[in-house]
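Participant: If you want the building blocks of each chain, they are given just below.
Number of protein chains: 2
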Amino acid sequence: MTASPGGGAQPERSHTDPLTLASRSPQRRAILEQLGIPFVAVAPRVEESRGGAPRTLVCENALRKARAVDAARVLGVDTAVTLDGRVFGKPHDQAEARGFLAALSGRTHEVWSGIALVEGPAERVEASVTSVTFRRLTESDLDAYLATEEWRERAGGYAIQGRGAALVERIEGDYLNVVGLPVAELVRMAPDLFGG
Amino acid sequence: MTASPGGGAQPERSHTDPLTLASRSPQRRAILEQLGIPFVAVAPRVEESRGGAPRTLVCENALRKARAVDAARVLGVDTAVTLDGRVFGKPHDQAEARGFLAALSGRTHEVWSGIALVEGPAERVEASVTSVTFRRLTESDLDAYLATEEWRERAGGYAIQGRGAALVERIEGDYLNVVGLPVAELVRMAPDLFGG
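Here the protein sequences come in this chain order: X and L.
The first sequence begins at 7 in this note's numbering and counts up one residue at a time.
The second sequence begins at 7 in this note's numbering and counts up one residue at a time.
No wet-lab data here; the hints were simulated from the structure.
In this text, a Cβ means the ideal position worked out from N, Cα and C, and glycines have one as well.
Watch out, some of these pointers could steer you wrong.
[Said to hold, decoys possible] Here chain X is said to cover these stretches of chain L; the calculated rule only asks that three of the stretch's residues, wherever they fall, bring their Cβ under 8 angstroms from a Cβ of chain X:
1. 166–174
2. 188–199
[As the list claims (entries may be wrong)] Covered, in the sense of this in silico footprint (three residues per stretch, anywhere, with C-beta under 8 angstroms from a C-beta of chain L), are these stretches of chain X:
3. 39–47
4. 67–79
5. 107–118
Based on the provided sequences and hints, a complete structural model is requested.
Facilitator: Now the structure itself:
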């Protein structure tokens, strides 16, 4: 993560290069703010892959996002919610959101993230997975939650950092991975961001 | 949780009674706000118990706090951090906070909460426990985290909802229990608060 060994045309990278977050997600920005990490956010223009196993998919998309932004140190993240081999994206409308939540009710699903750090020619990508168990939701629970409008723009149709917390019985793994950024992986990839 | 069956001197309780949080904790207030639950907060004047097993201790203290506030529907919560039978309270100074964090480094500790709901003569209390695994912390990690001052007023000396998130490898259980309020238990005790 220091200078490139050849000393050629590639400019030197140093830990003082600011972090660029290749994302338009307010949740990811909020997490970096919570952690006190200085960054700038740039929305990547990228065609996302849709096929493959969750781990492969989120790693590929995280890399595509990070590569799509031209900066010295770029962080790309992609998240997918899966249950029984089905990938739950962002619901298109309230009816689809209700279907997602009903499918997740009383079950344990997985939230996968790919996280890519691209510093010039140096690219790293890792995956993180957290298990999330929903309580059994009644029709009344679904009505109340859908009325919050939180399902919009959220993979799986819920926001664990909002009122969606009341849908969750327990988790196993990295909580912030479910919110949108696998912080434990980020610490391993870039300990200098955390004073380590 | 509706009217008392005798119809006697006890005033009727209804779900429209506002919730009173017997706590001065800003984290507990923030969680109820996140969940969209209307409440008022009142600091309880209570002598806390210090002995006994974690489950017993946090349930007793949660009840004491809830009983100490005179209102129709009172929520009391108490939290303890434990490892190897040792209870970690709030550190008195930075040196003690460093000792706590060094003891938790690379290990899995437990965060216990007692949660008590007192509605006139009706009292319920439940316990919740979440396992939290810290990554191995270097001296430099400790220095950086202690400099944030987050250890103040936090059982165990860290704030998972703040920069302390970067100390955590994974959790098992209810995340908000670690922040300060076992929400999954609250849903079971008072589903009406969540539209259920």
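Participant: Hints first: check each against the structure and report whether it holds.
Facilitator: Hint by hint, here is what the structure shows:
no., hint, verdict
1, 166–174, "holds (count 7)"
2, 188–199, "holds (count 3)"
3, 39–47, "holds (count 3)"
4, 67–79, "violated (count 0)"
5, 107–118, "violated (count 0)"
Going through the hint list in order, the structure does not satisfy hints 4, 5.
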